[in-house]
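Colleague: Each chain, letter by letter, is given below.
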Amino acid sequence: MRLFPQRSPVAEGGDAGFREEYRNYVWRKVLFILVLALAMFVLLGYSVTVSGRDMTFWDGIMAIVDHLAGVTYDRLDDPVRFWNDYIVWNSTMPRVLGAVVCGAGLAVCGAAMQVVLNNPLAEPYTLGVSSGAVFGACLAIILGFTFGSLGTYGIIGNAFLFALVPCAIIIVLVGIMKGLSPVTMILAGTAVSYFFSGLTTLMMVRTDDETLTSSFRWQIGSLSGIGWDNLWIIFVGTVACTAVLMAMTKYLNVLATGDRSATSLGVDVTKVRYTILIVSSLMVAVILSFTGIIGFIGLLAPHMVRTILGADNRYVIPASMFLGPLILLFADTISRLLAEVDLPVGIVMMFVGSPIFLYILLGRRGRRMMYRCRRLVPASI
Amino acid sequence: MHIRINDVDFAYGSVPVLHGITADLTGPKFVSILGPNGVGKSTLIHCINKVLSPTGGTVMLDDRSVSDISIKEMAKIVGYVPYSANDTFPLSVVDTVLMGRHPHSKWGSLDQDLDIVRETLEMLGISHLAMRSFNELSAGQHQKVMLARGLVQQPEVLLLDEPTSNLDVRHQLDVTKMLKRLTEEKKILVIMISHDINIAAKYADEIIMLHGGSIYAVGTPREVITEENLRVVYEVESKIIDDDGCPHVILKDAVPMNET
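Quick note, the sequences are listed as chains A and B, same order. Throughout the first sequence, residue numbering follows this note's numbering, covering 181 to 561 in sequence. Throughout the second sequence, residue numbering follows this note's numbering, covering -17 to 242 in sequence.
Worth flagging that the hints you see were computed from the coordinates, not collected in a lab. Since we're looking at a predicted model, the values are computed, not measured. Check each hint, because a few of them may be wrong.
Stated by the list, open to error - Covered by chain A, according to a simulated footprint, are these stretches of chain B (three or more residues, beta-carbon under 8 Å):
no., segment
1, -12 to 1
2, 66 to 74
3, 165 to 179
To be verified - FRET-style restraints, in silico, Cβ to Cβ:
no., chain 1, residue 1, chain 2, residue 2, range
4, A, G194, B, H177, 36 to 42 Å
5, A, I356, B, E101, 22 to 28 Å
6, A, T455, B, S120, 50 to 56 Å
Here a beta-carbon is modelled for each residue, glycine too, at the ideal position from N, C-alpha and C.
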């Protein structure tokens, strides 16, 4: 089924007819994005009410409405509503909002990275951001080395700083080599990634079982660490970086035509590519340092969007911004519905993401994407 | 528009590609660059549109050095039609062509840009493809879309890298004739790389023939397309006949390897 019938309207109606048809074509895409946004808010509303407490959907909604209206309950007079309010606002709400922010950030970042690296299989972690972050976290957890305070914020700070190291290495390499092709950048990211993974593994095999478990658990993406005290940091980082990427969607489209074509269309390819890489790495580093590695969102959401909307980044980026949260909320809600104990959302994402991605790959557009991927693999590997 | 290419050298790393290229091109004119594979034709046009920076020499647009012109300003003056398009992330035809307006686009210019796109699509006979996805088109249709994108840039100089290589003979003639007409109507300088010597001979006002990274011959088709030049540059034996005042090449055989 085609959401956007591909017919030609141009021959009839002259300039006005053509403009009208183009506006309708754009409007259909905008409408789809609005539907995604609506779906995200509906799932967000439902997800807030899934808390492990015996609370109906409407109890959850009322807890939100009452809290927003400033209504308070006494713990002794009305314990049910008091605890509904307490759980929703102090536990579920920050986690659910965290899912929205992280899902949006990872999906937008994945979409941008795929274009910048000219590779449909690129994702937020392709340049080694995650391996840098894991190394930084393990450095704090296993060796107790941090750049600032010890404890949770020491781990987060380390993860953030080391997540940026692979990107910095690639930018230095670009400077030394006077430019790198996207394929070489991916390979350089892979090399840096392996290096950090080697260092992390070295630390892990030489530590005791308890510390090993802690450091391993840190790597599995989870939203359980998100609370009101840190949500604002992720929110500010993600909103600022997403705003920059949204402002650059036209440049992303031009960049997707290839470096030489983009230059001939007036785009400074080097400047645009590195601005997007730096902004994306910053955004992923912020998210990653609080949640660990949540995979698949950055790969899945942009591809699902492109399957329906096409590859125009003016729509792919905002649509991914709503579809990413939708997928992550779905996975997080499942993890809370199914698990007796808290099941990290990173694990659920792997189970949810794999079949959906396979379905996309085996579809008509997916086969085309695979064909393009084969062409992008350098002959030397 | 006047382009002065002054003693331009270019090398990819340590591999020299162009050396000592000097030429004066003044529009309106339809110029064709001929030469065998790997001789540096595409490299030369990329030195003109600032995609590549020459390792030696200068390229001047009117009285300004290309190195002093910003990339965005260059895109307003010089349009480029690539040999093939990257379709990893394909847009619709209309959005692909609309991208050619990127250097000119400003807030509120969409309607005007759409009008230019529509006119261009109709001129190339591909308006019926407007809402199709670019990757659903044939190779020939791809080339026409790329051509449309270059044309909507409304440049003073239009560079084309083998724009008709994937077209059938009818469309090769149509497109080249249209480029010739645009040269005269819009008073622009068109520089087209071509492997079809006869089409270049029929429509070009001037031909630049490259050999070994240098200009081997430059002049009118009658001056450049000679049996001797084709023997040296393309290593083919040929016979040139006159076709309404234009030279027409009949290929006979490749020059034996031990004679080249």
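Colleague: Each hint needs a verdict: does it hold in this structure or not?
Modeller: Status of each hint after checking the structure:
1. With a threshold of 8 Å between beta carbons, the proposed coverage of the segment -12 to 1 of chain B by chain A is violated, since 0 of its residues qualify and at least three are required.
2. Look at the segment 66 to 74 of chain B against chain A: 8 of its residues bring a Cβ nearer than 8 Å to a Cβ of that chain, three or more, so the hint holds.
3. Counting residues of the segment 165 to 179 of chain B whose beta carbon lies closer than 8 Å to any beta carbon of chain A gives 0, which falls below the threshold of three, so the coverage claim is violated.
4. For G194 (chain A) and H177 (chain B), the hinted distance range of 36 to 42 Å is satisfied, since their beta carbons lie about 38 Å from each other.
5. Range check, I356 (chain A) to E101 (chain B): about 47 Å between beta-carbon atoms, so the 22 to 28 Å window is missed.
6. Distance hint check for T455 (chain A) and S120 (chain B): the Cβ-Cβ separation is about 36 Å, which falls outside the suggested range of 50 to 56 Å.
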